[in-house]
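Undergrad: Sequence:
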Amino acid sequence: MTTPAPSEPSSPADLPERPWILIAVIALCSVIELVLQLADWQVLNAPRLRLIAYEYGGFWVGLLQSWVPNYPSQPYLMFLTYGFLHGGLLHLVINMATLWSLGLAVLDRVGLKGFVMLYCAALLGGATGFALLASTTAPMVGASGALFGLAGGLLAWGYVDRFTLQEALWPVARAAGLLLTLNVVMWWALDGQLAWETHLGGFVSGWLAAMVIDPRPRQ
Numbered sequence: 000m001t002t003p004a005p006s007e008p009s010s011p012a013d014l015p016e017r018p019w020i021l022i023a024v025i026a027l028c029s030v031i032e033l034v035l036q037l038a039d040w041q042v043l044n045a046p047r048l049r050l051i052a053y054e055y056g057g058f059w060v061g062l063l064q065s066w067v068p069n070y071p072s073q074p075y076l077m078f079l080t081y082g083f084l085h086g087g088l089l090h091l092v093i094n095m096a097t098l099w100s101l102g103l104a105v106l107d108r109v110g111l112k113g114f115v116m117l118y119c120a121a122l123l124g125g126a127t128g129f130a131l132l133a134s135t136t137a138p139m140v141g142a143s144g145a146l147f148g149l150a151g152g153l154l155a156w157g158y159v160d161r162f163t164l165q166e167a168l169w170p171v172a173r174a175a176g177l178l179l180t181l182n183v184v185m186w187w188a189l190d191g192q193l194a195w196e197t198h199l200g201g202f203v204s205g206w207l208a209a210m211v212i213d214p215r216p217r218q
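Residue numbers for the sequence shown follow numbering that gives the first Met the number 0, beginning at 0 and rising by one.
Just so you know, the hints here were simulated from the structure itself, not pulled from any lab data. If a hint is listed, it holds; no wrong ones were tucked in.
Label pairs and their in silico Cβ distance ranges:
1. 211 x 50: 34 to 44 Å
2. 64 x 165: 41 to 51 Å
3. 26 x 185: 19 to 29 Å
4. 29 x 132: 28 to 38 Å
5. 161 x 45: 50 to 60 Å
6. 22 x 165: 34 to 44 Å
7. 29 x 70: 18 to 28 Å
8. 45 x 188: 24 to 34 Å
9. 75 x 164: 35 to 45 Å
10. 65 x 170: 41 to 51 Å
11. 37 x 186: 23 to 33 Å
12. 67 x 162: 48 to 58 Å
13. 67 x 89: 27 to 37 Å
14. 190 x 169: 26 to 36 Å
C-beta atoms are modelled at their ideal positions from N, C-alpha and C, and glycine is treated no differently.
With the hints as constraints, model all of the structure from the sequences given.
TA: Printed below as a string of structure tokens:
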């Protein structure tokens, strides 16, 4: 009976990417929303705290026109800050659950650096889409632009993989169709109060960024 040789330890590249970045983003968004909820519930003596948070951190199209910002860099920082504010607990829970699911798949594909690049590109792209297409004077908040970017990136990689291997592209088209249907249903259910422009901008930006971050097909 022979004793098997000890196996060599896995290299860092072989280890699965730890999802600490997802935990950090979820924690940050959750803490912000919790504080705002405590203010809404009058546990904190700050009844206007949510309005102030939206005024300073939400995305306002008017600030790209003639509106006067609350601080000099607001017209630029709002392209990022809007993604860490939400419209309530339900909005937060849905977005954070989606972030965990899609984020794990992106981390598995391109690792931490690729995830950060894709998430930031989608966050900026979502805001850009809203700035170009929206006509509302209300603020836009939420991480859904970045989330649609993650979905766009994953579908882009799925398309490249399947096209290279000459596999059917129907699953990619079906997933894109489901996203479109989801937006239509949500737009109807919310009586038009849906930032579909952000979703579209995030999706397109995520697709394009994914092709730059990892253009190589994989089996």
